[in-house]
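Novice: Chains as they are written, first to last, in my numbering: chain A, 1 to 242; chain B, 1 to 368.
Because the hints were derived from the structure by calculation, they are not lab data.
Bear in mind the structure is a predicted one, so any value in this text is a computation, not a measurement.
Hints are not guaranteed to be accurate.
To be verified - Derived pair list, reagent style PhoX-like, types lysine-lysine, alpha-carbon separation capped at 20 Å:
(1) A:K112 with B:K9
(2) A:K143 with B:K199
(3) B:K56 with B:K213
(4) A:K145 with A:K117
(5) B:K66 with B:K110
(6) A:K117 with B:K2
(7) B:K199 with A:K87
(8) B:K199 with B:K93
(9) B:K213 with A:K79
(10) B:K9 with A:K97
(11) B:K213 with B:K9
(12) A:K15 with B:K362
(13) A:K79 with B:K2
(14) A:K97 with B:K2
(15) B:K2 with A:K112
(16) A:K72 with B:K213
(17) A:K15 with A:K213
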Amino acid sequence: MKQESIIQVENLTKKFNDFTAVNAISFNVKKGEIFGFLGANGAGKTTAMKMLIGISTPTSGNAHVAGYNVFKNPENIKKSIGYMSQKFALYDDLTVKENITFFGGIYGLSRKQIEVKRRLLVEELGLQDIANELVSSLPLGWKQKIAFSVALLHEPKIIFLDEPTGGVDPITRRQFWEMIYKTANNGTTVFVTTHYMDEAEYCDRVSIMVDGKIEALDTPKNLKKQFNAENMNDVFLKLARG
Amino acid sequence: MKRFIGFIKKEFYHIFRDKRSLFILFGMPIAQIMLFGFAITNEINNVDIAILDKSKDATTIEIINKISSSKYFSVEQLINNESEIEPVFKKGKVKAVLIFEKDFSKKLVKENNATLQIITDATDPNTANTISNYTNSILQKYQQEINKNIKIPYQIIPKSHMVFNPELKSVFMFVPGVMTIILMLVSAMMTSISITREKELGTMEILLVSPLKPFQVIIGKVVPYIFLSIINAIVIVLLSIFVFKMPVQGSLFLLAFESVLFIITSLSLGILISTLSSTQQTAMMISLMGLMLPTILLSGFIFPISSMPLPLQIISNIIPAKWFIIILKGIMLKGVGISFIWKETSFLLLMTMIFIAISVKKYKIRLE
Numbered sequence: 001m002k003q004e005s006i007i008q009v010e011n012l013t014k015k016f017n018d019f020t021a022v023n024a025i026s027f028n029v030k031k032g033e034i035f036g037f038l039g040a041n042g043a044g045k046t047t048a049m050k051m052l053i054g055i056s057t058p059t060s061g062n063a064h065v066a067g068y069n070v071f072k073n074p075e076n077i078k079k080s081i082g083y084m085s086q087k088f089a090l091y092d093d094l095t096v097k098e099n100i101t102f103f104g105g106i107y108g109l110s111r112k113q114i115e116v117k118r119r120l121l122v123e124e125l126g127l128q129d130i131a132n133e134l135v136s137s138l139p140l141g142w143k144q145k146i147a148f149s150v151a152l153l154h155e156p157k158i159i160f161l162d163e164p165t166g167g168v169d170p171i172t173r174r175q176f177w178e179m180i181y182k183t184a185n186n187g188t189t190v191f192v193t194t195h196y197m198d199e200a201e202y203c204d205r206v207s208i209m210v211d212g213k214i215e216a217l218d219t220p221k222n223l224k225k226q227f228n229a230e231n232m233n234d235v236f237l238k239l240a241r242g
Numbered sequence: 001m002k003r004f005i006g007f008i009k010k011e012f013y014h015i016f017r018d019k020r021s022l023f024i025l026f027g028m029p030i031a032q033i034m035l036f037g038f039a040i041t042n043e044i045n046n047v048d049i050a051i052l053d054k055s056k057d058a059t060t061i062e063i064i065n066k067i068s069s070s071k072y073f074s075v076e077q078l079i080n081n082e083s084e085i086e087p088v089f090k091k092g093k094v095k096a097v098l099i100f101e102k103d104f105s106k107k108l109v110k111e112n113n114a115t116l117q118i119i120t121d122a123t124d125p126n127t128a129n130t131i132s133n134y135t136n137s138i139l140q141k142y143q144q145e146i147n148k149n150i151k152i153p154y155q156i157i158p159k160s161h162m163v164f165n166p167e168l169k170s171v172f173m174f175v176p177g178v179m180t181i182i183l184m185l186v187s188a189m190m191t192s193i194s195i196t197r198e199k200e201l202g203t204m205e206i207l208l209v210s211p212l213k214p215f216q217v218i219i220g221k222v223v224p225y226i227f228l229s230i231i232n233a234i235v236i237v238l239l240s241i242f243v244f245k246m247p248v249q250g251s252l253f254l255l256a257f258e259s260v261l262f263i264i265t266s267l268s269l270g271i272l273i274s275t276l277s278s279t280q281q282t283a284m285m286i287s288l289m290g291l292m293l294p295t296i297l298l299s300g301f302i303f304p305i306s307s308m309p310l311p312l313q314i315i316s317n318i319i320p321a322k323w324f325i326i327i328l329k330g331i332m333l334k335g336v337g338i339s340f341i342w343k344e345t346s347f348l349l350l351m352t353m354i355f356i357a358i359s360v361k362k363y364k365i366r367l368e
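Take these sequences, add in the hints, and give me the full structure.
Specialist: Below, the structure is given as structure tokens:
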């Protein structure tokens with residue numbers, strides 16, 4: 001069963017002067033899968049992700065995202081992806097509705113499309129009561145759920161999530177992952193970085209970065225077998241300690 | 001274009017929902033112009049003066065009486081020779097010394113003119129100027145009275161002389177200065193803060209990942225402030241015309257053009273500052289210390305540039321506000337056209353381009 005890959009990365013490298021942040025990484029992400037991108041802080045995962053979403057130019061190597069080359073067509077990549085970061089993707093001093101309108105707008109959706117999407121979103125997330133509230137008044141969990149939905153407004157082929165569940169309680173994290181599953185089921189590829197190892201278990205495949213290199217890449221099940229570990233946490237510890 | 005309008009709309013939400021920035025935007029200009037306008041009035045009251053009367057005749061005594069009976073002056077001291085002038089000034093209480101020349105009356109009758117010297121302490125240039133104006137008008141009134149019945153009019157020639165700070169010509173024309181400061185504050189500080197705010201909150205990253213191009217993001221952030229700055233400029237000009245009766249001598253169109261140019265210069269500085277700083281606080285500190293302070297001190301707004309030490313005079317050339325104040329004074333007070341201020345205008349243009357070039361370069365480095 002050979003699935004079409006939507007992200008292809010070959011020897012992608014990023015150097016800052018003498019420091020090699022990302023050292024010749026290669027991997028493929030298949031269409032519609034949930035790809036976990038793991039690594040300790042400073043392992044280079046954010047840098048790698050920035051190259052893939054078109055806001056950082058690689059030093060060498062090559063990568064295609066959604067069929068576009070990261071060197072030649074970063075602008076087209078930006079149109080085909082959604083992005084949500086560990087910091088907030090929403091404006092605190094705008095209402096939920098205004099945020100939706102704004103982000104729909106910068107992705108070039110028409111007023112009608114935005115209107116339709118907004119209604120759908122309000123209904124799906126049950127936002128009727130808070131749609132006209134300022135985002136700053138909402139609890140963290142809500143903000144992240146809405147931010148996630150907003151990142152999906154323009155129906156991207158791939159959504160990049162940079163530590164999306166940082167700082168929220170386990171229940172909200174659980175709910176958040178349900179949303180991720182739903183999204184993946186609809187055919188959107190999910191590329192997610194995290195340092196919660198229990199979340200790694202939810203991914204279809206996981207790569208683990210150590211010091212700028214990808215040291216392991218497989219399904220969580222295979223990784224556990226390979227490293228003879230009980231859970232992903234042990235896998236990670238074994239890898240990180242070398 | 002539609003994206004752009006959405007962006008600008010969002011920017012206005014930010015501004016109007018933040019009471020602090022609203023206050024800086026609209027409260028500050030009005031408060032400042034009122035403060036400067038009313039604090040620096042041209043009224044003087046009971047200013048202490050000293051008199052050196054070398055002739056002591058009927059006419060001089062009459063003039064002295066006129067002056068001391070006015071509510072503007074009170075004669076603090078009569079002095080007897082010129083060597084006393086400086087010590088009197090140095091004590092600080094006396095702001096002006098009037099010197100009647102020898103044989104004042106005789107000269108007036110024989111030669112039809114006599115000279116009254118007015119020496120003012122120009123450490124406070126505004127007062128100095130006013131004192132000499134008021135003395136002149138008292139003298140003129142007196143002349144008119146004595147000339148009523150005479151064919152060949154007597155003339156008393158007042159000779160003003162400022163000591164300690166002879167450079168009086170450009171000082172304290174406060175409207176151009178205040179306008180410059182406010183436009184600088186609104187344009188440079190507010191934009192740099194608003195851009196760094198996006199960086200600090202992480203939303204800048206989101207915007208950069210979106211299909212919006214970086215320059216679109218920046219322009220989108222800047223456009224609302226251009227609008228608001230223009231409104232501010234208009235308010236300031238209207239206030240100065242209607243509240244302070246300061247006529248604009250030159251072309252309003254030229255004034256508008258130059259103001260927009262300066263606004264853009266300040267905005268480009270704001271953008272530059274935002275590329276240098278990653279937090280709102282840094283942006284604010286750089287704007288206040290690195291921008292406002294030199295602007296207030298070195299632009300000629302308060303301290304005349306020509307009486308600064310040479311190194312500071314040279315530094316003042318890189319302060320955009322200096323050129324804009326010259327331009328404003330030219331248009332508003334002297335009524336000059338573009339042919340007189342093209343040099344200053346091109347300086348501003350050049351600076352704007354340099355700021356933008358540096359920002360673009362810095363921005364690219366950051367993105368790498």
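Novice: Hints first: check each against the structure and report whether it holds.
Specialist: So, going through the hints one by one against the coordinates:
Restraint check for K112 of chain A and K9 of chain B: satisfied, since their Cα atoms lie roughly 18 Å apart, inside the 20 Å limit. Annotation: proposed proximity of K143 of chain A to K199 of chain B holds, straight-line Cα distance about 19 Å (limit 20 Å). At most 20 Å may separate the alpha-carbon atoms for a hinted pair to count; K56 of chain B and K213 of chain B exceed this at roughly 81 Å. For the suggested pair K145 of chain A and K117 of chain A, the alpha carbons sit about 15 Å apart, so the restraint of at most 20 Å is met.
Note on K66 of chain B and K110 of chain B: the hinted pairing is violated, with a Cα-Cα distance of about 23 Å set against a maximum of 20 Å. A threshold of 20 Å between alpha carbons decides the hint, and for K117 of chain A with K2 of chain B the separation of about 18 Å falls inside it, so the pair holds. Among the hinted pairs, K199 of chain B with K87 of chain A is consistent with the structure: their alpha-carbon atoms are about 10 Å apart, no more than 20 Å. At most 20 Å may separate the alpha-carbon atoms for a hinted pair to count; K199 of chain B and K93 of chain B exceed this at roughly 55 Å.
Annotation: proposed proximity of K213 of chain B to K79 of chain A holds, straight-line Cα distance about 11 Å (limit 20 Å). With a C-alpha separation of about 13 Å, the suggested pair K9 of chain B and K97 of chain A falls inside the 20 Å cut-off, and the hint holds. Of the supplied pair hints, the one linking K213 of chain B and K9 of chain B holds, its CA atoms being roughly 18 Å apart against a limit of 20 Å. Distance hint between K15 of chain A and K362 of chain B is fulfilled; the C-alpha atoms sit about 18 Å from each other, no more than 20 Å.
Proximity of K79 of chain A to K2 of chain B is assessed by CA-CA distance (about 16 Å); at most 20 Å being required, the pair is judged to hold. Note on K97 of chain A and K2 of chain B: the hinted pairing holds, with a Cα-Cα distance of about 18 Å set against a maximum of 20 Å. The suggested pairing of K2 of chain B with K112 of chain A holds, with an alpha-carbon distance near 13 Å, which does not exceed 20 Å. With a CA separation close to 15 Å, the supplied pair K72 of chain A and K213 of chain B stays within the 20 Å bound.
Proximity of K15 of chain A to K213 of chain A is assessed by CA-CA distance (about 13 Å); at most 20 Å being required, the pair is judged to hold.
Hints 3, 5, 8 from the list above are not met by this structure, while the remaining hints are.
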